[in-house]
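Number of protein chains: 4
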Amino acid sequence: MNSFGRLFRVELFGESHGPAVGALVDGCPPGLPLSAEDFEADMARRRAGAAGTTPRRESDLVSILSGVHASFSTGSPICLSIPNKDTRSADYNQFHALPRPGHADFTSMKKYSGFSDPGGSGHFSGRVTAGLVAAGVIAKKILPFARFNTEVRSGVPGKTLDELVVEAVAREDSIGAIVEVVVRGLPVGLGEPFFDACESVLAHLLFAVPAVRALEFGDGFAAAGMFGSEHNDPIIDASGKTSKNGSGGINGGISNGNDLVLRVAVKPASSIARAQRSFDFSKNAMAELIIEGRHDACIALRSAVVIEAATAIGLADLYLTDRGLYTRDVENPWRKA
Amino acid sequence: MNSFGRLFRVELFGESHGPAVGALVDGCPPGLPLSAEDFEADMARRRAGAAGTTPRRESDLVSILSGVHASFSTGSPICLSIPNKDTRSADYNQFHALPRPGHADFTSMKKYSGFSDPGGSGHFSGRVTAGLVAAGVIAKKILPFARFNTEVRSGVPGKTLDELVVEAVAREDSIGAIVEVVVRGLPVGLGEPFFDACESVLAHLLFAVPAVRALEFGDGFAAAGMFGSEHNDPIIDASGKTSKNGSGGINGGISNGNDLVLRVAVKPASSIARAQRSFDFSKNAMAELIIEGRHDACIALRSAVVIEAATAIGLADLYLTDRGLYTRDVENPWRKA
Amino acid sequence: MNSFGRLFRVELFGESHGPAVGALVDGCPPGLPLSAEDFEADMARRRAGAAGTTPRRESDLVSILSGVHASFSTGSPICLSIPNKDTRSADYNQFHALPRPGHADFTSMKKYSGFSDPGGSGHFSGRVTAGLVAAGVIAKKILPFARFNTEVRSGVPGKTLDELVVEAVAREDSIGAIVEVVVRGLPVGLGEPFFDACESVLAHLLFAVPAVRALEFGDGFAAAGMFGSEHNDPIIDASGKTSKNGSGGINGGISNGNDLVLRVAVKPASSIARAQRSFDFSKNAMAELIIEGRHDACIALRSAVVIEAATAIGLADLYLTDRGLYTRDVENPWRKA
Amino acid sequence: MNSFGRLFRVELFGESHGPAVGALVDGCPPGLPLSAEDFEADMARRRAGAAGTTPRRESDLVSILSGVHASFSTGSPICLSIPNKDTRSADYNQFHALPRPGHADFTSMKKYSGFSDPGGSGHFSGRVTAGLVAAGVIAKKILPFARFNTEVRSGVPGKTLDELVVEAVAREDSIGAIVEVVVRGLPVGLGEPFFDACESVLAHLLFAVPAVRALEFGDGFAAAGMFGSEHNDPIIDASGKTSKNGSGGINGGISNGNDLVLRVAVKPASSIARAQRSFDFSKNAMAELIIEGRHDACIALRSAVVIEAATAIGLADLYLTDRGLYTRDVENPWRKA
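Protein chains in written order, with this note's numbering: chain A, 784 to 1120; chain B, 784 to 1120; chain C, 784 to 1120; chain D, 784 to 1120.
If we strip away everything but chain A, and leave its shape as in the complex, we get (with noise of 0.2 Å):
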């Protein structure tokens, strides 16, 4: 059930340490400049190599199989085929028996009887994200007018990120936190009632990012200890804006013409270095686990342009759902120049 997406659709296959990971993108209009080399910074941005990230190396090109010709896009299917190169399956042949606490090894034992592919996680692994990543590259082009402004924050009041990332080396443990979207530039109109709610969308492709635990839209949490006096976002002119944004740019489930907002928390990574407990299933007792291997200290560092993929796919699928079911504004954005 590995599909998103009404009108703009994307399918992501592979495992950690199969031959390649990739995406199945459908529904993109044709005549979108489009070649390998747009895929390359936010693939460098979710690619390890910075202070708390695993040294697991992937070059990460994206080699294009279909769908694209003469560096335009066609409108037929787009697939994003993404080499594995750097794969060391050995590492995790030991996990059906001695599942890792936070991860899917017993979960995704139980459910495939047995059958997932248990290198890297398989399918479960962050490294599926890179297909992701390189579907929200097409996402963002559908939509020029959007600006994403993407953070990532410490989840402790009172420390940075950068404190905690060298504790957590140190402690051979990992360290969670918040990631931040802003996006700007928005029309009024995204968002369809009821299920497809601008958030419903948005929410269940965060969700389904790893390690993802919680989500909210502008006031947030904060929202439930408000008075409505205090929530409410006043319109102040004709084009929609507020003079505060509580809602995080979205009124009934449709987008405002207000900044986007959202926050995500992101767990600390599950595999550490440091000694755990869990069940042996061969031994039928509690076993000390180790997990050997490259591990990232605060996976909330790639996650964030994973996330702001994720945000750009749900919106663009709601975009062109919006110009198929209404005819407000009818210039075509892209094929302009």
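Heads up, some of the hints might be wrong.
The list cannot tell twin chains apart, which means a pair is met if one copy fits it or any two copies do.
DSS-like, lysine-lysine: derived pairs with alpha carbons at most 25 Å apart [what the hints assert, rightly or not]:
{"hint": "1", "residue 1": "K1024", "residue 2": "K1066"}
{"hint": "2", "residue 1": "K923", "residue 2": "K1024"}
{"hint": "3", "residue 1": "K1027", "residue 2": "K1066"}
No lab work stands behind these hints: they were computed from the structure.
Assemble chains B, C and D onto chain A, guided by the hints.
The following block gives chains B, C and D in isolation, referenced to the frame of chain A:
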């Protein structure tokens, strides 16, 4: 785009002050005992009347138009209609020109080019959730092993919700709250990777509920400030039981057999009796806005059963999907030889 | 699984002898003029009464429960309910034990484990197509440029349909026929490759209509015996006009601007007054079966408007999808006046 | 919109002269034995080479990029890639200006505003069906109880297909044919009312296959000229066996356990060596068109396995859906009490 689900499908219809609201439920297996009385308890939980809720009175009798024969589901679509009785359309005509803060008045006017029904917020009214609650009753019957426990809590540390409701009424204002749902008894295995992760499906539904601003599973936002060694849940027996439940019962997007725990932030109702400011499109200037009529001081009190219903609907769809794709409990026909 | 469509979505509900049949129509753009009277003409075409049709009388008044305000569509789901009045449930109770040839009695009993509604074939009744006809009325409003011409013809070379109907009535039997739909005025471009080819979308809908056994576009089955030089349609001007229309107005799954031409074979009604043989499950032996009650001698006479409606629904969905994904034509046809 | 299916989902990608064609298959249950060799037999049936087929030679080796581990399906999406090798893009560049009769040249140029890939008809090429055949191999594994028998027949009464192919080659022309698929061994119960009737799901897929002009089940078009007493199939035993099979194994949209019988008309290939006329958009006048390159004299010979694959895909999706929604073969959890 008002439909949800893959196998268990729900579509809502109706406007606040139209002839009826309701739900069309498709994919209900045949043979479930079902009659009009089955809806009464949950409809009563949603209905107005308690302290802090609107005095609008609806009997909320659910009429079964199809899909049930001799008090059992037949397997064909179940149309549930809930007539509107206590309607006062005249209250709302002004809000196309002077949109209420926090409501969909401005966004729906723009998106639907002025054709949306203004009466009682039309299709954007919380009244539409009556159909969702009715569909939730059927979903719970599909999940006879699941026990739902749903609570409303204060969103303000140090104050009780009762105190806040009294304060809100005194201020001619409204107050937000937290709704927590715990589901016990779920099997391991609900949730499809990647995009139909258990959290994704539930989040899609929960953010469709009016007034929901935020959602978290397990440790939620707190996980953003935790170390991995603190957040990870060690598995302690062969059933997959964990010694703590930071993940809220889901790993890798798949239910792990422990309690499913989620919390949503419900914003304070946007309609308040005290005066507010908004932009008057007829005068092209700011103006004072007084919302006459009936208001909820704490809409979360009535949203709780709606949120529980949304949770049940998502789980029912995941349960049926899991039955279709995997055959743990029955013989696997293609794995025999 | 009783729903169809990507943007223009239709879901049918109801049983022959239940309280009502109807349709829930989602994705209707706002601003279409719509009132109960708009349904009358097509509902009358479907209604019984002409020579060769059943004497069951239904007024078939369409009640609009939602989605229409001040005689315009609002953009929210339109629930259309058509109450059943002339019901005679007792006629049908025997057929669970002694299934009627050609009907769904046996298959529905098995699939739904005996829980399906037997009355008048329940959800398998042709009565359910009343909702489809109503949805078709809305679809045609979405396609103001399209002109539908639908005809019923004899399926026997050398005999007229009138002759055959007389003969069928005399035999206490029923007779099949051909229904041809021609749609003029369609734009170039409706149909999505690969799986949502124009023919695929229409075929999906048309084979859902009870009693349809076959479907062909343009030359249809005759094309299987033609040379390419005979079947190919030369383009003769810059609008894409072809000198003949062997393709039925579709190339590569996309409408080409010429007339869309399709024909379906409607089988003879399965219910006939003359005695038949079937297997009596209560006696575990063959038995004679007499079907009392009301029968259509030529169901195709009433199916014609149903088939036209199905065609319109598919085209409306393809039209809105095309508008969403591509922006060649921008003027909103229904908001002009 | 290039995807199909509810639980067993197939999406096709690729262009005739691009890097690869292929399929992304989602919803394949875990535990099916699967390796690259499994695809060889059906891919060979589709491949060129026999009398009447194009001399284009492709080895058609299927590369499994994901979803298979240790020669078993894992339950995650299976990406199948089939590289293109024998490509000759230059053959096709002229057809944007001088569209070939019967091809998508004109319609795709218009729909995609000139951005569609012209090489070998791009995504509109029959080459894309290689991915469908590969997906069909997996579908057949999901249906181990089903036996497919597929035959190609002449569409001209009194002539054999061999004679017609010889005649077509001599004429520098092409010839159509009939493909019949019979599926034995299906269980009772496949097919969902109303819109996902067994015939509807299969028709959707079959009309997506390039060159299909018509489709009939059982008696098909002949039923339009039959009396009900001739067309009805009497049930003769407790298994639902019928004494004849005019319905083609489907009643009320649900498989009845008898042979499923369908026939499609495959048009003559549009590309023929002999001269044709078309409209030259560069000269705004009619012109002679010569299609150089490789042609199939009878494309139906290669379409047969494609049509069989489409049938298998539809049945696999209906089978998994039926397992999800109904529990005839296992215990019904909600009917216990």
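The hints, checked one at a time:
In this assembly of identical chains, K1024 and K1066 lie within 25 Å of each other by CA distance solely across copies; the values are 16 Å between and 63 Å within a copy. When the C-alpha separation of K923 and K1024 is checked against a cutoff of 25 Å, the pair qualifies only within one copy, where the shortest distance is 24 Å, while the shortest distance between copies is 38 Å. Taking CA atoms no more than 25 Å apart as the test, K1027 paired with K1066 passes between copies only; the shortest distance there is 22 Å, against 59 Å inside one copy.
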